[in-house]
Amino acid sequence: MKESIGNLREVKETCPDEAVLARYIAGAMTPWEKDRLEEHASACAACLENIRAAHAAESMLAEGALADTPAKLKDKAKGLAKMNTGKRRMQSYIWLAATITAFTLSFTAPKYFAQFLCAALILGLKWVSESEGIRTLIVSMDAKHRHEQEKDGIVKNRIGRG
Amino acid sequence: MDPNENPEELVLGCINKDRKSWDAFVERYSKVVYWAIRDRLRRYGYDHSEEDINDIHQDVFVALWAGDRLKQLRDPGKAAGWLAMVAGNAAIEHFRRVRRQSPPSSVSLYERIYKDDDGKTLEEVLPSGAAGPDRQAQLSEARAELASAIEGLSPKERMAAGMNLLHGMKHAEIAAALGLPVNTVSTTVARAKKNLKEKLEKKRLL
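Protein chains in written order, with the working numbering: chain D, 5 to 166; chain L, 934 to 1139.
In case anyone wonders, no lab produced these hints; they're calculated from the structure. Mixed in with the good hints there might be a few duds.
Pairs of lysine to aspartate or glutamate residues, derived as DMTMM-like cross-links and limited to a Cα-Cα distance of at most 25 Å, are as follows [what the hints assert, rightly or not]:
1) 78(D) - 942(L)
2) 950(L) - 43(D)
3) 78(D) - 960(L)
4) 80(D) - 1084(L)
5) 76(D) - 1067(L)
6) 1011(L) - 1106(L)
7) 953(L) - 21(D)
8) 1103(L) - 1084(L)
9) 82(D) - 1106(L)
10) 78(D) - 980(L)
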């Protein structure tokens, strides 16, 4: 049974992505592409909602009608650029390696067991404190991974349709 | 880079991981992302907190910076519209993934037509003689009839009707979105409503 327009609110795999919808809004499509998109959007509440939101955002930004975001949120978003992921990860690995080495030495050199264990503890704490950006890093990697999966999905769809 | 510089250079700078461009980009477009998240959650009726909005806001910017989503933006001059769509979809995705909630289903377009005109739902305007399973069958028949009636409209007419009746867009806004004259949109919406009502009346469902 064909679903009614009002009940299709979730973006589906067959929905055009935001870049395609943006091209439609900008009037940058060929007549054939435009017809296909309209055929889909006329029965898809999620795509109509996206088109509505895009138009509203463009005009509200142009009119200066959008309220500013709390400074805390903007700072957090700006902070993403300060994250030099490669260097930071390397530093984190160095502290982790030092922790493991000290911990191993505490057993291989029983004479200095307490000293090495203490050093392992301090180095471990340093590793944890250096890893404060780890959550953000994980989220970043996850975002990258998901973006790649989305691209794979689009390619699979195209192959399937072809 | 100065925040007032053109969007093309700003976006290109962000793609090339220039920190100053990124700061200017966040300063300029954060309000769009913030508005789009709130707007989508409110329109879809999600029970949300300020914390949800903050999390989604950060997720969107992580995807733009670390996930390189900005590379998908083909017309930086229209970055606000594209970002509003990305942020709105991210809000739904957040609720689906983190809260395990799908978007609540809405009143269908056809039923909304009646709600708009008479303040009553389709169920309320159906004759009240039948009860129980008969009533459900009557309701299903009315919905199927409405669905087939709207299929007779062109895709553009269906879009115009949907944008107005389901998404509350004004005729002028729809005209701008679909590249049609305002009068055409008004006529199309009125015709769609009239056709659907006639169809129901002909079938004696109303």
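So, against the hints stated earlier in the document, which numbers end up violated here? 2, 4, 5, 7, 9
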